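S.K.: With these hints in hand, go ahead and build the complete structure from the sequences.
Read off the chains here:
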Amino acid sequence: MKELVESSGTKVALDEVDVVTTGTMGAMCSSGALINVGHAEPPIKIEKAWINDVPIPHPGAAVDLYIGAAVQSETRGFEYGGGHVIEDLIAGKEVDFRATAYGTDCYPRTRVETTLTKEDLNQFTLLNFRNGYQRYSCATNGRDETIYTYMGKLLPRYRNATYSGAGEISPLNNDPNYETIGLGTRIFLGGAPGYVLGEGTQHNPKNSLGTLMVKGDAKLMSPEYINGASFTRYGPSIYIGLGIPIPILNAGIVEKIAVRDHEIATGVVDYGVPSRDRPTISETNYAELKQGKVEINDRSVRVTSMSSLKQAHRICIELKKRINEGRFTLTKPVERLPLDTRVGPMKHREDA
Amino acid sequence: MVRVLLRFDKELVQEPVTSQIIIEHKTPVNILSARITPLGGEMLAEVDGRVADTIIAAFREKGVTVDVSSLIERDEELCIDCGACVSICPAEAFYHAADHSIGLDPEKCSGVTCGLCLDACPRRALHLTK
Numbered sequence: 001m002k003e004l005v006e007s008s009g010t011k012v013a014l015d016e017v018d019v020v021t022t023g024t025m026g027a028m029c030s031s032g033a034l035i036n037v038g039h040a041e042p043p044i045k046i047e048k049a050w051i052n053d054v055p056i057p058h059p060g061a062a063v064d065l066y067i068g069a070a071v072q073s074e075t076r077g078f079e080y081g082g083g084h085v086i087e088d089l090i091a092g093k094e095v096d097f098r099a100t101a102y103g104t105d106c107y108p109r110t111r112v113e114t115t116l117t118k119e120d121l122n123q124f125t126l127l128n129f130r131n132g133y134q135r136y137s138c139a140t141n142g143r144d145e146t147i148y149t150y151m152g153k154l155l156p157r158y159r160n161a162t163y164s165g166a167g168e169i170s171p172l173n174n175d176p177n178y179e180t181i182g183l184g185t186r187i188f189l190g191g192a193p194g195y196v197l198g199e200g201t202q203h204n205p206k207n208s209l210g211t212l213m214v215k216g217d218a219k220l221m222s223p224e225y226i227n228g229a230s231f232t233r234y235g236p237s238i239y240i241g242l243g244i245p246i247p248i249l250n251a252g253i254v255e256k257i258a259v260r261d262h263e264i265a266t267g268v269v270d271y272g273v274p275s276r277d278r279p280t281i282s283e284t285n286y287a288e289l290k291q292g293k294v295e296i297n298d299r300s301v302r303v304t305s306m307s308s309l310k311q312a313h314r315i316c317i318e319l320k321k322r323i324n325e326g327r328f329t330l331t332k333p334v335e336r337l338p339l340d341t342r343v344g345p346m347k348h349r350e351d352a
Numbered sequence: 353m354v355r356v357l358l359r360f361d362k363e364l365v366q367e368p369v370t371s372q373i374i375i376e377h378k379t380p381v382n383i384l385s386a387r388i389t390p391l392g393g394e395m396l397a398e399v400d401g402r403v404a405d406t407i408i409a410a411f412r413e414k415g416v417t418v419d420v421s422s423l424i425e426r427d428e429e430l431c432i433d434c435g436a437c438v439s440i441c442p443a444e445a446f447y448h449a450a451d452h453s454i455g456l457d458p459e460k461c462s463g464v465t466c467g468l469c470l471d472a473c474p475r476r477a478l479h480l481t482k
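Top line first, the protein sequences correspond to chains A and B. In case it helps, my numbering puts the first sequence at residues 1 to 352. In case it helps, my numbering puts the second sequence at residues 353 to 482.
Hints may contain errors.
[Said to hold, decoys possible] Mimicking SDA-like on lysine to any residue, the simulated pairs with C-alpha atoms at most 25 angstroms apart in a straight line are:
hint, chain 1, residue 1, chain 2, residue 2
1, A, K206, A, G184
2, A, K93, B, A450
3, A, K93, B, E428
4, A, K332, A, L183
[Stated by the list, open to error] FRET-style restraints, in silico, Cβ to Cβ:
hint, chain 1, residue 1, chain 2, residue 2, range
5, B, M353, A, D120, 55 to 61 angstroms
6, A, P279, B, G415, 52 to 58 angstroms
7, B, H377, A, E94, 55 to 61 angstroms
[Unchecked claim] Some, not all, of what chain A presents toward chain B, calculated at C-beta under 8 angstroms:
hint, residue
8, S300
9, V303
10, H313
None of these hints come from the bench; they were simulated from the model. Note that the structure is predicted; figures quoted are calculated from it, not measured. Think of the CB as a built atom: it goes at the ideal place given N, C-alpha and C, for glycine as much as any other residue.
M.R.: Here you go:
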């Protein structure tokens, strides 16, 4: 499509193309799965729960639990976490479940231990608070020592750099005014149909840092597109495969979809500075990043992706195939994503 | 050239094994990287393909463990082609292939003498050849 607009112009592209598929697959920590494990006999109002020794928060009523992707195992530490639990369940594996409670008149049981598969869950819903960042900073490290971050392992003195996001094929870059993406947009999530629920947390459209909140039935998902991850000295996370179809409704959308990697700018940020406001030390764009070299202090530094470009392309192709075969239909959003959201820092005291 | 990984145990480290083999066989042994302590160590070296079998046999005869297989093993089931291993590798053994997958050139890898990529892989798909 991008080549078509470049070679034949907007009008031809508008006439010939109905839908463009976009995709990305990166580590998205603010993800997880809502599960309902059913009631025991006698029943239990769960206070604390674990799956494969990963603590599973209990946000509400008796047997509803949320598997947080970034929660680490109490026995295996960062090597296994909620993201791995979700992948194991999706893959059909059996997991060890245990829970404790204080016991009430209506829920007298105080402990339960069992094994579960996804078939034993009433609901297994992937529910992600922040996915699909429009673009992201390129990370490097100016310290004298190697640091381990959620952007990967960064060698001392700017010896390497990493980036995330699929650039010109990433969903929100192709619809930066959110004309077709919003509450109710059907998407490809982990290999299954999913939906956009609205803006993701820290949605920051004015700085081209839009995000999405999404959900989907994890029972239908595939371990090819949902993968647990361990970031050394940072913690566990999860790779989420996300695809969004963009209907070509008018010439304006064609022009936006024609965006190329070199037009998507981002900053090279020093993650060696442990501050909320890490310094940006140079500017780059996704074309440069994908070529594998970035300029830092007049030196060419090797840079690579932390998200899977191969999987991002695969998702675009797979989604296109499903649309062509009639297995995936597009929806019109009920409400568009906001364009004016503000992202503020935490309000806290200096000393605590 | 054939790349060989030589493992020396505590006793062997005291002997100038490599120098002896170079002199005895009148052939160069190019040392690419090494990690040697009084307790033993590993050395990655390159030898001429025409005499590789003779040189490998000579090292083995002196008690050195010689490994000629690949140095880093990648579990293809676990790898999701992210690229976390690419920019960290000083030998540039990992690369983005044309189809966006992550390629591994075992000829370039320094293996056990380096190992920088091992804990950089978020899928824990990389292991040293035992």
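S.K.: Just pull the numbers of the violated hints for me, sorted ascending.
M.R.: 2 and 8
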